[in-house]
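Chemist: Chains as they are written, first to last, in my numbering: chain Z, 1 to 345; chain S, 1 to 181.
Hints listed in this document are in silico derivations from the structure and should not be mistaken for laboratory results. Backbone N, C-alpha and C define an ideal beta-carbon position, used for all residues, glycine too. Keep in mind that a hint or two might mislead.
Stated by the list, open to error - Going by beta-carbon spacing under 7 angstroms, a handful of chain Z positions derived as facing chain S: (1) M73; (2) T137; (3) D144; (4) D147; (5) Y192; (6) M194; (7) F219; (8) L293; (9) Y294; (10) E298; (11) Q299; (12) L319; (13) K326; (14) V335; (15) F337; (16) M343.
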Amino acid sequence: MNNRMDNTMDNDTIANTTLDNDTTNGPLVSAVVLSYNRRNDLRETIEMLASQGYARVEILVVDNASTDGTREMLLDMAEKLSPRLRLFFMDGNLGVDAYNVGFFNAKGQYVLILDDDSFPAFDAIEKMVEKFRENPTLGIAAFDVRDYSAYAKVAGPAVDSSANVSAANISADNVPASLVSAPRQEVNQLTYAMSFNGAGAGVRKSLMDKIGGYPGEFFLYVNEVDLSFRVWDAGFSVEFFRDLVAYHKSSPVNRLSFRAPFYYTRNTFLLIWKHYPADLMWRATVKLVYLVLYHTMEQHTPVYLKALMCAVAKMGVALKKRKPVKRDIALNLRVPFTYPFTMYR
Amino acid sequence: MTNILIIRSCSFQHLDRVIERLKGDFPEAKFAVLTHVHGKEMAATYTNVSRVIVYPYVKSFSFTRLPQELRYADFDVVIVPVSNVSGAGFLNVFLFSLRIRSIKRYIINIRLELKPFSATKATGMVAADLVYKIVAVALTPIMSGVVLLTWIGYKLTSMSIDKVAGRLAGKITGKFTGRKR
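Please build the complete structure, drawing on both the sequences and the hints.
Modeler: Below, the structure written as structure tokens:
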């Protein structure tokens, strides 16, 4: 990554000393936010982070060369929020690769990944730290990401904090029996692993230092599943906690979007080529090719074919990075193969 | 009281909005949510959802996989939320919804527009689906073959590059250590 990183905090050293030496209130958490042309949403995200119940949070904002005045807004906020806010400005839009700049510079024991239009509930960071401390093999704590409109409407913070779902071994035991109906024996037989939502997730920093951050070659989307594969393969878990709540704003919905179906489709190919053992990889490739052809006709769009061609063109990158995960991980981690084909029109 | 079943075929973020909208349209309704097992905890957090039904399969909703529990259940309305405008890509969920006994069926899209859905409409979609499937099945081996050949090409290229690089490295090493190859 040869982009200029402009850390605006002149007193960074002082800031880090202050934050690192204070161990009375628990370990430092680094909230890493990727920003691109959402000035007002980003301001709200930073304000929400700054007002968190958990005090030992540093906020790292990596801006992907926004052109809507985000930079000026950030510099202004940095003056007020020094030393907690640290800024990194990219020369161009690097997509999710820019997150890695934040991950690399994070000084906390745990990294909280957020979008520029998402923020955690007031008590979420403190609870997240507890989860990591309780379980040394927890790699990623996945948040319950809710719609912004549901902020203060859903029962997130009021939920019993002991209620969590192990993504590795989901059972029906954590929800009141009176509410959930399904033959328990039948449900308990379902064991599969999940990925996480990048609009709210905590990651153990030492693990990320070992296995790397987001795959820069993906640019957008499916990066969470890629990281999840590596987390599981390293012997750590990705677990969902319903009492860790984050709120996320909805994207514009009234126009055709080529971006999401394109990147989701292309990156799903790259994902399986990178991580699946050979036989599963070819089986999944044939399945995906079929889905591409089917949905090209169904939705009368060339976007999926373009994504397939682009994936083939980037095959060399996938091959270079190819490191098949253990077979049981490939079989258990749920990859939503049909999801890319549900967002075009 | 109207009995409504919502099939959780979208993200919870979208479902938050859908339920808010439905509360306005059906103020007296009793809501149930059908979700895969990983979504049951989240579905249970809705204060106005009185029942969460777990879909006891790992795979997607399918016409051929109706949970035992829904075989004899009756609903007034079944709702299929879709994460786009037209509902494209959700045929499996629409067909699945037809297996559930209900008086009415609606799709609710990303714009929160509620559109009725009927078996007649599904028939047309199934006919088109059959044609697309036949063509896709016919073309899949060709396209997969192209992908496979490209993969082999990359493999061979990288192997030969590695070989050349290895030889070069050997020569260079030999030069520095005085060994001749």
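Chemist: Now tell me, hint by hint, if it's right for this structure.
Modeler: Now the hints, each set against the structure:
1. M73: 26 angstroms, violated
2. T137: Since chain S brings no Cβ nearer than about 20 angstroms to T137 of chain Z, farther than 7 angstroms, the hint is violated.
3. D144: Holds, because the Cβ-Cβ distance from D144 of chain Z to chain S comes to roughly 6 angstroms (cut-off 7 angstroms).
4. D147: Holds. Min distance 4 angstroms.
5. Y192: 6 angstroms, holds
6. M194: With a closest approach of 5 angstroms, the M194 of chain Z hint holds.
7. F219: 20 angstroms, violated
8. L293: With a closest approach of 4 angstroms, the L293 of chain Z hint holds.
9. Y294: 4 angstroms, holds
10. E298: 5 angstroms, holds
11. Q299: With Cβ-Cβ at 5 angstroms, under 7 angstroms, it holds.
12. L319: Holds, about 5 angstroms.
13. K326: With a minimum Cβ separation of about 19 angstroms from chain S (threshold 7 angstroms), the hint on K326 of chain Z is violated.
14. V335: 11 angstroms, violated
15. F337: 9 angstroms, violated
16. M343: This interface hint holds because 5 angstroms falls under the 7 angstroms limit.
Hint compliance for this structure: hints 1, 2, 7, 13, 14, 15 are broken, all remaining hints hold.
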